[in-house]
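Novice: Chain by chain, the residues run as shown.
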Amino acid sequence: MSQLLVGLINGSFYAMLSLGLAIIFGLLNIVNFAHGALYTLGAFVAWFLLEYAGIGYWGALILSPLLVGLVGVIIERLMLQRLHGLDPLYGLLLTFGLALIIQGLFLNAYGSSGLPYVIPETLAGGINLGFMFLPKYRAWVIIFSLAVCFATWYVTERTRLGSYLRAATENPSLVQAFGVNVPQMITLTYAMGVALAALAGVLAAPIYRVSPLMGSEMIIVVFAVVVIGGMGSIMGSIVTGFALGIIEGLTKVFYPEASNVVVFVIMALVLMVKSSGLFGKAG
Amino acid sequence: MNEVKPTAEPIVTVREVNWRQAIPIAIMVGAFALAPLFVYPLFLMKALCFGLFACAFNLLIGYVGLLSFGHAMFFGCAAYAAAHTAKIYGFPPELAILTGTAVAAVLGAVVGALAIRRQGIYFAMITLALAQMVYFFCLRAPFTGGEDGIQAVPRGKLFFFLDLNNTTSLYYCVLGIFTAGFLLIRRIVHSPFGKVLKAIRENEPRAVSLGYKPNQYKLIAFILSAALSGLAGGTKAIVFQLASLTDVHWNTSGEVILMTLLGGLGTIIGPVVGALMVTTLEHYLAQLGAWVTVVEGAIFVICVMSFRRGVIGELSRLLKRPL
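Taken in order, these protein sequences are the chains called Z and D.
Each residue of the first sequence is one higher than the last, beginning at 1 in my numbering.
Each residue of the second sequence is one higher than the last, beginning at 1 in my numbering.
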């Protein structure tokens with residue numbers, strides 16, 4: 001039961017990260033390799049805020065995504081924008097380089113063992129449900145990330161802003177011709193995707209230690225999740241993320257040796273059966 | 001999808017290209033043959049192994065346009081296979097290296113068959129994910145020695161008479177393997193098969209309309225690239241008497257991409273130059289720990305932003321001749 005909970009928590013991180021990747025891919029046509037590093041950065045910013053500014057968890061939950069989003073704006077404006085129109089592989093290579101820089105800087109400063117981040121007081125402790133003990137913080141992470149995922153889905157699928165976004169994904173030049181500032185929208189989309197990663201990082205900080213390597217392990221699994229789900233649909237990313245987290249949790253119970261690789265095995269199986277991914281379009 | 005470049009290159013025949021490229025290649029091999037007089041041979045051998053690895057990787061990215069983010073799995077598994085057979089079964093070095101190559105080729109066939117089902121960005125993510133799976137397998141498998149790796153691999157005697165514990169004979173043996181692998185890659189690139197690969201890269205639907213089956217070609221190219229990476233990995237295991245988790249880690253996949261990008265994607269000697277540069281860099285920055293990662297990341301960013309042809313690619317453009 002507790003493994004299932006861990007699975008759900010991992011699933012919520014997978015969902016939030018793959019959601020961000022999917023939004024960015026939709027508009028910028030690049031896969032943001034730096035996503036894992038920015039998730040790490042989100043966790044570190046939360047730690048910095050607590051350590052040096054005395055700003056606690058709740059402040060960090062808002063400030064960290066904002067600050068990392070700002071970093072995203074800088075990355076997009078200074079670098080990614082100039083790669084527009086080139087082979088998307090260059091975007092992947094560039095963001096891989098950025099990921100290496102961020103990871104290397106944190107490794108230099110803090111080593112690989114990681115730093116602790118305490119659970120906020122209001123969420124410390126747990127509830128005894130009779131059949132299991134439910135730590136409050138873990139329940140909060142699951143509920144909050146579900147809410148964030150559905151809010152993102154709502155914004156992109158049901159609002160006017162979201163309709164611009166989807167239209168620009170289909171045909172940017174036409175949308176621009178209608179008077180929408182597409183370059184600005186691209187920048188904000190990248191910032192938003194990155195902010196989601198940072199938010200996941202803050203949520204993860206009290207559960208896992210804040211460590212420079214937390215993102216690089218995560219991003220590879222998230223890539224597999226994205227291949228399984230396909231980056232075509234927002235809902236697809238959310239469902240696949242949570243589902244794979246649960247499957248991973250269950251594998252830990254029944255066959256612990258395979259829990260690290262189960263997501264990759266599923267990816268291989270999906271590729272054999274339906275190579276475009278479960279929710280994806282061909283391509 | 002791909003960048004459209006107006007080509008102003010004069011039309012030259014294949015034979016002419018072959019001759020023009022022969023000179024830089026001869027200079028490169030000659031320089032490597034004389035280099036141990038001036039440079040520490042073990043360092044040169046590392047550069048040669050990674051140079052061959054980068055050339056094998058370049059066969060995919062430079063000539064088929066497929067970016068593999070998991071080539072360390074072929075390099076590393078071949079290293080494990082060579083180390084294991086040499087140490088436990090007492091294979092002579094040439095047989096151990098060939099076993100490593102064969103293991104990499106088989107793994108390449110399996111991974112390639114899965115990965116070529118998707119293109120572009122997805123191909124990169126799939127190869128990375130599968131390589132991570134192989135990494136976890138190597139971490140757990142009983143014969144890889146886990147965190148310690150396989151250490152103290154015997155170098156043995158090449159063809160039962162040439163003792164490879166002698167650094168000079170080892171060096172020229174490695175140079176021989178490198179040159180053979182390098183020339184094979186060059187032969188593949190210039191063969192009719194290589195021309196079809198380039199045609200598929202430039203315009204896949206058109207290649208299909210001409211009756212070629214792109215996936216078969218891509219798979220064969222993938223297996224060749226994997227096998228040659230394995231040749232490099234197996235040789236590396238014999239030279240350094242070590243096969244470890246570093247060889248299969250995604251960091252190594254990233255490094256080989258960096259070498260190729262820095263040297264010049266799709267150039268013949270670019271990857272070797274890139275490998276030489278990156279190994280030198282690592283050699284000098286080794287005591288600085290994680291700063292190597294930062295510098296490598298910065299080189300990635302600089303290359304992509306303003307230096308996409310790489311060192312040899314730029315040089316080739318200045319000299320107006322293929323290198």
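Simulated from the structure, these hints should not be mistaken for lab results.
The model shown is predicted, which means the values in this text are computed figures rather than measured ones.
It is possible that some hints are incorrect.
Straight-line alpha carbon distances no greater than 30 Å define the calculated DSSO-like cross-link-like pairs of lysine-lysine that follow [to be verified]:
| id | chain 1 | residue 1 | chain 2 | residue 2 |
| --- | --- | --- | --- | --- |
| 1 | Z | Lys252 | Z | Lys136 |
| 2 | Z | Lys274 | D | Lys213 |
| 3 | Z | Lys274 | D | Lys198 |
| 4 | Z | Lys274 | Z | Lys252 |
| 5 | D | Lys213 | D | Lys198 |
| 6 | D | Lys46 | D | Lys87 |
Novice: Hint by hint, note whether the structure agrees.
Specialist: Now for the hints, and whether the structure bears them out:
1. Z/Lys252 / Z/Lys136: 22 Å, holds
2. Z/Lys274 / D/Lys213: Between Z/Lys274 and D/Lys213 the Cα gap is close to 20 Å, so the pair holds against 30 Å.
3. Z/Lys274 / D/Lys198: 28 Å, holds
4. Z/Lys274 / Z/Lys252: Since the Cα atoms of Z/Lys274 and Z/Lys252 sit roughly 26 Å apart, the hinted pair holds (cutoff 30 Å).
5. D/Lys213 / D/Lys198: 13 Å, holds
6. D/Lys46 / D/Lys87: 21 Å, holds
Checked against the numbered hints listed earlier, the structure breaks none of them; every hint is satisfied.
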